[in-house]
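Undergrad: Given the sequences, and given the hints that come with them, work out the whole structure.
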Amino acid sequence: MKCGIAGTMPGDFIKSETHGDTVSPFGDRKFRWPFPPTVVGFSWIVCIGVLDWLTGPEISLSAFHLPGIALAAWFSGRGQAIILCLCAATVWLLAELASEQSYSSPLIPFWNATVRLSFFLITALLTVEVSGRRKTEAALLEQDGILRSILNSMGDGVVVVGADGHIIVFNPAAESIFGSNELGNNALQWVGQIENSNTDPATHNANKPGTLRLAATGRLPEPVEMSLRAGDERNAKLLEITAPPLLGPQGQQAGVVMVITDLTARRATEKRIAEASEREQRRIGQDLHDGVCQHLVGVAFAAGSLQSRLESRNLVSEAADAGEIASLINAAISEARGLAHGLYPAGIEEGIEIALKTLASTTQERTGISCTARFEGGESQLDPVSAVHLYRIAQECITNASRHGLPKSIRILINIQSGQLSLTVTDDGKGMDASPSVGRGIGLSLMNYRSNLMGGTLAIDSKPGHGTCVTCTLPIEAILETTA
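Counting from 1 along the sequence shown, just add 10 to a position and that's the residue number in the numbering used here.
Note that these hints are calculated values from the structure, not bench results. Note that the structure is a prediction, hence the values are computed from the model and not measured. A portion of the hints provided could be inaccurate.
[What the hints assert, rightly or not] No farther apart than 20 Å at their CA atoms in a straight line, the calculated lysine to aspartate or glutamate pairs in the EDC-like style are these:
id : residue 1 : residue 2
1  : K473      : E406
2  : K281      : E235
3  : K440      : D471
4  : K281      : D300
5  : K418      : D471
6  : K247      : E280
[Unchecked claim] Here are the in silico distance ranges between beta carbons for each label pair:
id : residue 1 : residue 2 : range
7  : S327      : A286      : 51 to 59 Å
8  : A278      : D331      : 56 to 64 Å
9  : E328      : T372      : 35 to 43 Å
Beta carbons are placed, not taken as given, at the ideal position from N, Cα and C, and that holds for glycine.
TA: The structure is reproduced here in structure tokens:
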């Protein structure tokens, strides 16, 4: 995306002028001419020529041709103004010749007419230049008004940094986000003040450091999310920063356009939707486990009893059929319990540690891959929704590794230190190309989405043949369980 001022010229906003609505040279009020300005100017010149002839050669009225010429030059442009200049010089010459004034040379009237024509032309061209400049200024003012109206009505904050490093645009939405108007100030000094007052540790460690500084200097290649908090947790904001270049008239970079989107309300809504979804999954999982599974257990028990009775009656074939039915029902019970555990992780009520250890042991039993879960830095009681998000991220990493990586071992590590919690899942499989240019599947997108919902970041370090390491880092205070 590129933002520029080169593609829009003032002339784009100037409408062609006719003898209809025109702009007065003495103000912006529009009025309607009853006749075309050129016709009015020509009539004026003819009237002045008649008066000049009537007053005789002793009184010259040639200067009074100028209002008619200026009128045509202002409203009708250069071409018609030149025509009126020729008309004015011709009218003066005819009036002079008609007066039968004697000259020492018959060429003198024509010379005087040429001098007057030059004076008329200079006046007309200067008037056209002034008129053009005024129309251009009016168009620029109109353009400026439109741009200001757009900027003032935008919900996203817009901060434009000029080539000299000073802020030249700071719209009301940006003022609302940052709590001050920094118009005219040095952008790097403003960014430094924000970095010093931001008390969110995630901004300095987990998120990309210096996001605003990179944006203000035009070094932010893609949209980046960052947390912004000053003091109270209630003032925390989640922002998305984009910084396309501002282009000059020749296409050169003339600054940076920072667009700041406040994601706080949207992310809170997404979090509530995710919480409702997790609650519904938990309810379905519990119903499946406590209802369908228990019902199938009863059916399997009945099939086993039927098998025993048939065997006691020496009905070997029928007993074998009953045993086959019991085996199929037991397989269905295992499948249903697996679905129930997938919908609602086993052990999550006891905490993320128990849930991940259960996941590791289940993975090892199911796949034969060595899988371990380890915890460092103490224990913290996470809120249930965040615990489920972390579990799902680890579950997706294990699923991807076991299906595509062919690893011999998978290691899960949760580390809590310096106000941050990090979940790391490492395998020694085939690895993958983790560069941003490579398209990512829905699993990786969902992992990144879950990480963002918790206010954290997700990093993937992998190379073909060297395994994969997925790390989710987030501020611990954002996911602690709160008690009423």
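Undergrad: Each hint should be assessed against the structure and marked as holding or not.
TA: Each hint tested on the structure:
1. K473 x E406: The given pair, whose Cα atoms are some 19 Å apart, holds under the 20 Å limit.
2. K281 x E235: holds, 16 Å
3. K440 x D471: With a Cα-Cα distance of about 13 Å, the restraint between K440 and D471 holds, given a limit of 20 Å.
4. K281 x D300: violated, 28 Å
5. K418 x D471: holds, 18 Å
6. K247 x E280: holds, 15 Å
7. S327 x A286: 51 to 59 Å: holds, 53 Å
8. A278 x D331: 56 to 64 Å: At 58 Å between Cβs, range holds.
9. E328 x T372: 35 to 43 Å: holds, 37 Å
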